[in-house]
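Q: Chain by chain, the residues run as shown.
Number of protein chains: 2
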Amino acid sequence: MSEAKRGYVRPLDLKHGRVDLTHGSGGRSMVQLISELFAKHLGNEYLGQGNDGAVLPAPTLEGRAGRLVMSTDCHVVSPLFFPGGDIGCLSVHGTVNDVAVMGATPLYLAAGFVLEEGFPLADLARIVESMAHAAAEAGVPVVTGDTKVVERGKGDGVFITTTGVGILPDGLELGGARARPGDAVIISGSMGDHGVAIMSKRENLSFDAPIESDTVALNGLIAAMLATGADLRCLRDPTRGGLAATLNEIAGQSGVGVMLHEKAIPVKPVVSAACEFLGLDPLYVANEGKLIAICAPADADRLLAAMRAHPLGREASRIGEVIVDDHHFVQLTTAFGGKRIVDWLAGDQLPRIC
Amino acid sequence: MSEAKRGYVRPLDLKHGRVDLTHGSGGRSMVQLISELFAKHLGNEYLGQGNDGAVLPAPTLEGRAGRLVMSTDCHVVSPLFFPGGDIGCLSVHGTVNDVAVMGATPLYLAAGFVLEEGFPLADLARIVESMAHAAAEAGVPVVTGDTKVVERGKGDGVFITTTGVGILPDGLELGGARARPGDAVIISGSMGDHGVAIMSKRENLSFDAPIESDTVALNGLIAAMLATGADLRCLRDPTRGGLAATLNEIAGQSGVGVMLHEKAIPVKPVVSAACEFLGLDPLYVANEGKLIAICAPADADRLLAAMRAHPLGREASRIGEVIVDDHHFVQLTTAFGGKRIVDWLAGDQLPRIC
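Listed in order, the protein sequences are those of chains A and B.
Per numbering that gives the first Met the number 0, residue 0 is the first one in the first sequence, and the count goes up by one each step.
Per numbering that gives the first Met the number 0, residue 0 is the first one in the second sequence, and the count goes up by one each step.
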């Protein structure tokens with residue numbers, strides 16, 4: 000019987016085609032979307048198994064015992080394409096980073112797509128290519144996935160939920176509850192780039208210098224930091240809610256306060272100017288390629304040196320210290336010598352920043 | 000300082016409240032939603048760790064070597080509540096089943112929620128409670144999660160992406176490419192219940208007997224099947240595209256044909272009647288609590304007996320056999336002695352069935 004008689008379908012029109020409801024219905028056109036787009040770009044031996052899930056080698060630590068780490072993140076960023084990245088690479092970076100800040104080596108990613116009917120296949124292809132590039136760069140393959148399609152007006156282009164699994168060697172304990180008074184607070188680079196890039200694009204603003212998202216996978220930087228043997232208490236990536244929300248969370252979990260020094264916190268001048276224009280505080284703005292490290296004070300210099308030696312930590316800076324505070328406040332000594340409380344995000348929100 | 004001064008917020012109004020954009024913005028009201036709703040119902044020692052991911056005991060197999068299995072599924076079912084279930088329990092069952100049909104023991108679930116602004120918190124609470132109940136019943140905890148909120152009109156109430164991780168003992172190899180001519184094709188029960196329950200609810204139809212979704216976790220049934228030691232080639236849950244799509248996929252992957260016997264395929268009379276009314280073929284309709292087993296013919300009776308002894312396999316039936324066929328067709332001998340090809344889903348689609 001000829002291919003035509005078996006319902007042969009033409010190749011996907013990746014230039015002018017659009018997502019339709021059949022792409023999510025379990026039939027031949029879903030299979031086609033998966034093979035001609037997802038498998039083409041993301042393909043690897045695990046994704047290629049073609050079963051309901053991926054069978055993966057059990058993680059090993061060269062004989063050492065370890066634990067699993069699992070993290071998941073829904074990505075609904077708007078716009079889908081922004082200076083410095085897109086939802087595709089962001090969805091890889093975000094979850095790789097969430098696993099890596101636990102101290103774990105990220106091993107595998109799963110990706111789930113909710114597509115809106117009518118979404119251009121060309122845009123989807125760009126997004127999947129960007130994911131593939133990010134996954135290859137981070138060294139973490141997408142091993143399994145799912146695709147669903149919702150009617151026009153019931154979604155917003157593409158949402159991507161990624162889930163990461165990694166392995167954490169026994170003996171390494173990082174966590175938000177482990178900060179102690181006296182610990183050094185370190186960040187890996189400038190604050191606010193991602194959120195301001197998104198907001199500027201959304202508001203159609205342009206500034207003297209381009210503002211690009213910092214979205215990047217941090218597992219390499221973190222491996223270099225762990226290799227120093229410094230006594231790390233906690234690593235976190237300050238995404239939604241920025242530095243302020245993340246430090247407030249840690250302060251609450253550890254039952255401590257944090258004192259920051261404004262002058263020590265790197266913020267790019269153009270980001271600072273844009274924040275002023277947009278009415279934002281860079282300490283509350285999301286980052287996607289930066290981390291906070293809380294570290295025993297004696298090891299802070301060694302850790303900083305290792306970070307600055309890595310391409311993603313060149314601007315690493317010691318920005319403050321953990322203090323005793325029954326109120327668990329995060330405070331800031333300003334450039335003018337005053338003090339203010341850096342509370343949780345209060346009024347303003349930045350929805351759909353990641 | 001008083002709680003009020005630190006921005007104390009009143010408890011969530013789970014009766015009349017609605018999701019708003021602050022619930023996804025990384026600030027205090029997101030923390031509140033997580034603690035008062037998600038953690039309250041789904042809470043366990045892993046979810047309670049409060050870091051960017053969950054640290055989990057490495058899976059053990061009592062000294063045997065094993066591999067990881069990972070699977071992810073986006074759930075966009077519409078309506079969110081349907082006879083026999085809702086998106087909450089469905090999102091647990093769907094992913095538990097995808098891991099279990101690989102032969103693996105499901106261990107951990109991650110859950111990502113995309114919420115639409117304005118969604119009633121009372122409905123969200125019902126959904127999360129249903130997830131919690133399903134997870135407890137299946138014995139698979141939700142260990143990590145994420146919540147995002149999109150603006151009104153950019154989503155559709157709730158989408159839930161669940162990702163499961165399980166452990167597969169070395170030596171157990173199941174897969175769609177392992178079917179061989181002569182193998183028995185077995186299903187665990189009646190076909191079409193889930194899809195017809197959804198479509199009837201959507202079309203506001205009522206029939207003489209209630210039609211309920213069969214949504215349920217199959218890991219217990221599968222464990223009982225594996226315990227028989229029967230030579231299983233492949234297990235699959237025939238969800239989107241139903242029995243027809245799943246068997247066509249297996250036929251293609253294994254390079255074989257399948258011959259089914261219509262009379263042997265259990266379809267409830269009310270489902271059959273509803274299908275006729277709705278213009279559906281029950282072989283193409285999604286199931287959420289049934290499985291297909293391909294098994295060496297010599298072991299089929301033993302396997303069937305074990306399935307029928309389990310509450311979820313009482314109506315298990317041998318419905319056909321794998322045959323040599325270079326075209327990889329799935330065929331059906333009809334009740335009248337004729338034959339027809341059961342091709343991939345052609346025209347009709349059932350969007351958002353799961």
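No lab work stands behind these hints, which were simulated from the structure alone.
Cβ atoms here follow ideal geometry from the backbone N, Cα and C, with glycine treated the same way.
Each hint should be verified, as a subset may be incorrect.
So the derived label-pair ranges between C-beta atoms look like this [stated by the list, open to error]:
1. B/64 x A/203: 53 to 59 angstroms
2. B/78 x A/14: 15 to 21 angstroms
3. A/47 x B/171: 51 to 57 angstroms
4. B/338 x A/169: 34 to 40 angstroms
5. A/170 x B/171: 17 to 23 angstroms
Where chain B lies over chain A, by a calculated footprint (3+ residues, C-beta under 8 angstroms) [what the hints assert, rightly or not]:
6. 145-152
7. 284-292
Q: Please go over all the hints and tell whether each is borne out by the structure.
A: So, going through the hints one by one against the coordinates:
1. With their beta carbons about 57 angstroms apart, residue 64 of chain B and residue 203 of chain A fall inside the hinted range of 53 to 59 angstroms.
2. Between residue 78 of chain B and residue 14 of chain A the Cβ separation comes to about 36 angstroms, which falls outside the hinted range of 15 to 21 angstroms.
3. Checked against the given bound of 51 to 57 angstroms, the beta carbons of residue 47 of chain A and residue 171 of chain B, roughly 20 angstroms apart, lie outside it.
4. The supplied range of 34 to 40 angstroms is broken by residue 338 of chain B and residue 169 of chain A, whose beta-carbon atoms lie about 60 angstroms from each other.
5. Judged by the Cβ atoms, the range 17 to 23 angstroms given for residue 170 of chain A and residue 171 of chain B is violated: they are separated by roughly 32 angstroms.
6. With 7 residues carrying a beta carbon less than 8 angstroms from a beta carbon of chain B, the segment 145-152 of chain A meets the three-residue requirement, and the given coverage holds.
7. Residue count for the segment 284-292 of chain A with a Cβ under 8 angstroms from a Cβ of chain B: 1. That is fewer than the three needed, and the coverage hint is violated.
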